[in-house]
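> Generate the whole structure from the sequences, applying the supplied hints.
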Amino acid sequence: MEKLLEKTILGAAFDSSARDPPPRCHPGTRLAILARCLEFIVNANGGKVRWVVVAAGVGKSAIMQNVAESPLPSVSNRASIFFSINGRNDGTKTIMTLAFQLATKCEPYRQFIEHEITRDPSLPQSSLPVQFKEFIIEPFVHHPQLNSLGRVLIIVDGLDECDKSHTQRELLQLISDACLKYPSSPLVWIIASRPESHITSFFAQEDVRAVYEKEEILVDSDEARGDVEKFLRNELTRIQIEFSLAPQSPWPPEQALWKLANAAGGLFVYADTVIKYIGDPTIGNPTLQLSDVIRVINAHPLPNVPKDDHPMARLDVLYAQILSKVPMK
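The opening residue of the sequence shown carries number 1 in full-length UniProt numbering; numbering runs sequentially from there.
It is worth saying that the hints were derived from the structure and are not from the lab.
Worth double-checking, as some hints may not be accurate.
FRET-style restraints, in silico, Cβ to Cβ [stated by the list, open to error]:
| id | residue 1 | residue 2 | range |
| --- | --- | --- | --- |
| 1 | 214 | 183 | 16 to 22 Å |
| 2 | 118 | 202 | 32 to 38 Å |
| 3 | 298 | 73 | 48 to 54 Å |
| 4 | 181 | 204 | 16 to 22 Å |
| 5 | 233 | 183 | 40 to 46 Å |
| 6 | 253 | 15 | 37 to 43 Å |
| 7 | 198 | 73 | 32 to 38 Å |
| 8 | 206 | 148 | 30 to 36 Å |
| 9 | 16 | 72 | 18 to 24 Å |
| 10 | 198 | 107 | 35 to 41 Å |
| 11 | 253 | 282 | 21 to 27 Å |
| 12 | 282 | 258 | 24 to 30 Å |
| 13 | 130 | 206 | 25 to 31 Å |
With a straight-line Cα cutoff of 25 Å, these simulated BS3-like cross-link-like pairs (lysine-lysine) come out [stated by the list, open to error]:
| id | residue 1 | residue 2 |
| --- | --- | --- |
| 14 | 3 | 105 |
| 15 | 164 | 214 |
| 16 | 133 | 164 |
| 17 | 214 | 181 |
| 18 | 133 | 105 |
The beta-carbon is built from N, C-alpha and C at its ideal position, and this holds for glycine as well.
In structure tokens form, the structure reads like this:
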């Protein structure tokens with residue numbers, strides 16, 4: 001196990017303390033997307049890959065966190081990698097990271113890989129194709145004790161943040177080839193990424209289409225906008241209670257909340273930034289901070305802020321306003 005640990009991405013698992021607290025979906029939001037992902041895990045047959053593709057700022061990692069934490073009786077084992085450009089992006093350690101997690105949770109699997117490493121101590125240093133064959137395919141396809149245990153869920157979040165694009169495509173190729181060659185294997189993959197061109201072109205290949213389903217989370221879908229509005233309402237109510245604001249009347253006024261929701265659209269990162277600014281205890285004046293945000297929205301109407309091609313542009317405007325409020329030292 002020590003040999004495996006040396007080759008893992010520390011802090012990449014969904015339950016790692018390095019990510020604590022991890023992003024999670026706000027209660028009551030993203031229910032439809034989560035339901036579709038969980039249904040896929042339970043019912044996946046020939047197609048064993050679900051590609052969740054989403055632009056930045058929509059809450060991809062929160063959705064994947066909720067999926068990873070969801071109890072599923074049909075799933076016997078699970079492993080996950082949450083890639084991040086902040087130190088968790090070495091794609092060459094992907095298979096070893098998954099293998100280590102599975103080994104800590106499944107005794108038959110641990111015994112299997114310990115035997116393999118004893119037989120060939122160089123395996124943890126081998127290429128990705130060799131690691132994939134020895135630590136994924138051999139145990140879960142050819143080992144009766146393991147392939148009969150139930151579904152094995154593997155979540156790869158932020159594939160586009162893996163450090164090299166050719167490594168990203170190599171991992172996708174290994175996974176898709178395995179799904180094509182072994183359609184009855186217990187492995188189910190959920191891969192989440194931004195719509196980078198090299199990833200999109202990979203999934204567009206004719207032979208790959210047979211093994212995956214696509215879940216595209218649009219920035220400004222009705223579903224996303226409704227979830228963001230729910231998040232804003234709940235969090236503003238929390239701020240109202242926390243700061244004892246206008247307890248006898250609605251706060252904020254409905255028109256102000258409508259402006260916030262309309263400006264955020266389906267961008268959870270925008271709504272989250274707004275809430276953190278309005279409820280910032282170091283300033284301690286939510287009503288004034290809300291007025292600041294409304295002033296920014298009024299000064300930069302949405303038709304003048306690009307959304308489709310550059311959905312983060314409206315967030316840039318908000319950040320500029322927040323930074324302007326920071327006192328100079």
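> Could you run down the list of hints and mark each one as holding or not?
Hints and how they fare:
no., hint, result
1, 214 - 183: 16 to 22 Å, "18 Å, holds"
2, 118 - 202: 32 to 38 Å, "36 Å, holds"
3, 298 - 73: 48 to 54 Å, "51 Å, holds"
4, 181 - 204: 16 to 22 Å, "21 Å, holds"
5, 233 - 183: 40 to 46 Å, "45 Å, holds"
6, 253 - 15: 37 to 43 Å, "41 Å, holds"
7, 198 - 73: 32 to 38 Å, "37 Å, holds"
8, 206 - 148: 30 to 36 Å, "33 Å, holds"
9, 16 - 72: 18 to 24 Å, "20 Å, holds"
10, 198 - 107: 35 to 41 Å, "39 Å, holds"
11, 253 - 282: 21 to 27 Å, "25 Å, holds"
12, 282 - 258: 24 to 30 Å, "28 Å, holds"
13, 130 - 206: 25 to 31 Å, "27 Å, holds"
14, 3 - 105, "17 Å, holds"
15, 164 - 214, "23 Å, holds"
16, 133 - 164, "21 Å, holds"
17, 214 - 181, "20 Å, holds"
18, 133 - 105, "20 Å, holds"
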